[in-house]
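J.: Build the full structure now, drawing on both the sequences and the hints.
Protein chains in written order, with the working numbering: chain A, 1 to 829; chain B, 830 to 1089.
No wet-lab data here; the hints were simulated from the structure.
Keep in mind the model is a prediction, meaning the values are calculated, not measured.
No residue lacks a Cβ here, since even glycine has one placed at the ideal position from N, Cα and C.
Among the hints, a few may not be true.
[As the list claims (entries may be wrong)] Only some residues are given here: those of chain A computed to face chain B with a beta carbon under 8 angstroms:
| no. | residue |
| --- | --- |
| 1 | 7 |
| 2 | 286 |
| 3 | 380 |
| 4 | 521 |
| 5 | 525 |
[Unchecked claim] Covered, in the sense of this in silico footprint (three residues per stretch, anywhere, with C-beta under 8 angstroms from a C-beta of chain A), are these stretches of chain B:
| no. | segment |
| --- | --- |
| 6 | 933-944 |
| 7 | 947-953 |
| 8 | 1045-1053 |
| 9 | 1071-1081 |
[What the hints assert, rightly or not] Anything over 12 angstroms on all C-beta distances counts as not near chain A; from chain B, calculated:
| no. | residue |
| --- | --- |
| 10 | 919 |
| 11 | 967 |
| 12 | 971 |
| 13 | 986 |
| 14 | 994 |
| 15 | 995 |
| 16 | 1001 |
| 17 | 1008 |
| 18 | 1020 |
| 19 | 1087 |
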Amino acid sequence: MNAIAFALRSFGRELRSGEVMVLLAAIALAVGVLTAVGFLTDRIGKAVARQANEVLAADLRLRSQVPIPDTWRTTAEEYGLQTAETQTFPSVVFAGDLSALATIKAVSDNYPLRGAVRISDTLFGEQRVVEGVPRRGEVWADGALLARIDADVGDEIMVGGSDMLVSAVLTYRPDQSIGFASLAPSLLVNIADIPATGLIGEGSRVGYALLVAGDDAAISGFNEAIQDQLPDSVRASNREESSERAYNAADRAQRFLSLTAVISLLLSAVAVAMSARRFAHRRMDTVALMKSLGATQGFVITVAVLQLMMIGVLGVIAGSSIGFAAEEVLSWILSDIIAADLPDSGPMPVILASGSALVLLVGFALPALLQLRNTPPLRVLRHDMMPPAPSRLLVTGLSLAAVAALLYRSVGDARMLVILLGGIIVIAAALYLVGRGLVALMGRFRSGVGVAWRYGLANVARRGRSSAVQVVAFGLGLTVLLLLTIVRTDLLEGWRKTIDEDAPNHFMINIQPHELDSVAAIFDTAGVATPEFVPLVRARMSTINGESVKTRSYPDPGGSWLANREANLSWTATLSASNEIVAGEWWPADYAGPPLASIEEEAASDTGLAIGDRIVFVIAGRELEVTIASMRSINWDSFKPNFFIVLSPGALDDMPMTYISSMRLEEEQQSMLINLVRTHPSISVIDIDAILQQIRGIIEKASLAVQAVFVFTLAAGVAVLFAAVQSTIDERRFESALLRALGARKRTVFAGVMAEFAVLGIAAGLLASAGASILAAIVAVQLFELPYEFNPLLWLAGLVAGVLLVCVSGFVAARGAINASPIEVLRTA
Amino acid sequence: MSTVGASAPSVIAVTNKKTKVRYRRMENQSPDKAAVLEAHGISKQVSSPEGSLTILSDVSFRICAGESVAVVGPSGAGKSTLLALLAGLDLPTMGHVTLKGANLGELDEDGRARLRADNVGFVFQSFHLVPSLNALENVMLPLELAGAANAREVSHTIIDKVGLSERWRHYPAQLSGGEKQRVAIARAFATEPAVLFADEPTGNLDARTGANIMDLMFELNRTSSTTLILVTHNALLAERCNRILSLDAGLLVSDRAVAA
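T.: Now the structure itself:
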């Protein structure tokens, strides 16, 4: 007979049997997680690719902290290049009583030179590519900004001292940053409107940029010509550089996501292997029968492989549907972080996931099926006749090869693959030992419990190997979920707690010296204590002990960054309360000697600076040499203005400076800000509460998304449990029937089985709680720099979740065995 | 203990009567009737923790087309092993079996399977229906394996014959024990096999159902000229065959004909 016809004919019925469902679920899960993660990484990749190509909105961008001299533009025009100018700075915009921090992007007519701006005419409306820039007096505002100030297209909003008409919703600009887009949403303004707003004063923090575009030869010609004119403070970026940075960041995100998928994949592989073994075992009788009726080995194996392929196809269909749904959920969760308007991923993730499913089946299911071929036909008469077990070498080799093949895609390099594979084997072995240890530990309580628990504990101990695998499979899924919950709640909460109740919640920046009195007057009128104004001077480090900061070597890469970036300097006579001297001496309040500096201790160790070292700063073209006199530790969480480097009194006299300040404003006091910004448009008021909330929101969403990915891991753990229960179901049916025949009530048998799962659940919960606690402590200390607090609730949650999950899944998996009629079971056994 | 071959009847007569019966049967047997199944000094040894164990020892006989032969003996006598060797499900340690002239020992597993597909039917104690196929499909299975063109029609006919014309769509799980065995019998006869092996076909059935099943089997055996090899504990059942091979501790202790 045609093997295809036979395989098809019996497939429908086979499908209903439990082990096929588990096999199918395991494959669907693997495909689902791979597709979902594939979609997500594709999305990140596309966002990055678009970003990389358009990130400059130009071919070359010159950025400066001071206005761009006209000569640069004329030079560019001499080379036949297109130019455009932009100014970028933060400012608070108002609509009625509501205000929000925005990134003001002022652009000239030609903007953007590369890529295109997209707008829509209504909030959440259809977006379209637009030529040109906002007309004078009009702005295009990011939807998030409009939402925050409860404004819409057609409304007027206050930008600095000007009222401007929102004429469109800005949905995309090529040079927007990729992540945290919602932190300070963009407001696109015509550059000609900026002077009237009064937003830019002397010393204001503004990023000026000259955008240049044209053919490659002209660009490089211009770049060479302009190099000599560029002061140190100007950065020229071309496309290659900026795309490389973006790609590196995206690459890390994609690898992390792929690795999370790998955990689910490995658990699915365990489930596939277990259920395939059962799948094959169940088929042995039929195979023996078919052979006795004259079927050849070829026929038998063809049928088995065909059915496996059909399961694979169904698994891929189910898995891709899960993946598609997951993608929708994930991109919804992440819509603030990753642009949602990216083109569809197309079929690639599904194709890759299907390929992986095939590898999974070949690696983990095929050995069991190949074994079927050798089923002795004699089995029809003697049920104990088994085919010889597949060679250990084949099983191990195939599964390792499959894992390696699956990992290679997310790792992409042979050396890393070997390391990772080794790591996985070591971790899996360690986890397995922990699982066995837990199982053994639970077994010790056997003598002190009732009959049901004893029965359950005995079963767990008897199936020690399988029990340990189940504990680990469940434990792993729970661990990550618990960990992410801790990060999402405990750690963020802990961080919030470290912030004082009366810590400042608003910053003011860009206060001009001549505005100090009038600002103080506004506070006075509002009945709010005038905050302290801290001077700020922008400077660039030039030399350390006579050596250029560019050529110097630093103990830590962070040191190079600190030395080469634009630095904020301040001076003070008295040490701020949030600072503490850790080395050297603080200058006396009436100090009037040569300029001294106090440096933050970590900055000092990163840059390799010591007391007595001399630093030369360049401030607005003038040089200033200072000597390090002390080192401080800073409590940054005080939210007071703090500086890595503070100078002694008098050191910064005559330098162009602005002031910054921080204060705590209660809800009802905040209306004074409207008056303040109206009368002092160049001052930027930053609402820290709002920003903290946004950061929290973004961290929560990101971890929620990762948690969503890890739900697959937990589901894979459930699949492993199902597969494990399936593989013992005959045994369980027989035991249950025997116990009931011996007079046990159904309830007792049920209690025994549930006790078994509860024991597994407790062990998995313990493993997960311990794992999550250790990882959380590492994350807290290393990543968040917070002291980790032991959380007993976590252990409770781990245990409860473990017991509930395992018991519910175990009950579903094993209920058939408990409910089977004893007489039927015993008769056929 | 001597062995018994149908070609050289040197039987250890238990009673005169039985010997007489046997010889009468042998006389009825036409000499030119071809042997479908021959055991040539077959032995089966298996290794066990206690050393080599002899399950069957030097058994020879010859079975002709159309005979119905019961294999009887106490548990552990080697009945099932003999059946397995005769059907080529297993190979003897010594000696050889020829089925329709083919030496099973010279065929590989697939070769024996093909030979079975063309010549052999089975009825098992525990029915052995394929759970994922319905009654009709179970009957069609050996026909299709043998490459028959009209498997469906033939199967319908035989399903009717075993009295399950209303239930052909049912799956094994939906059938009673007796019904399952009827399907198994239908399946066994569907290919009109030269030899039908039945291993305790009534072992899992109650007495009345068992009797009905055996009636059906003998009826089909009569009408289809199939050779029937019936392994059974049941003496009454054995008496319904026209020849009885008795095994004890792996030895063939008697081979006698039964009065018609």
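J.: Run the structure past the numbered hints and jot down the numbers of the failing ones, going up.
T.: 1, 4, 5, 8, 9, 10, 11, 12, 16, 18
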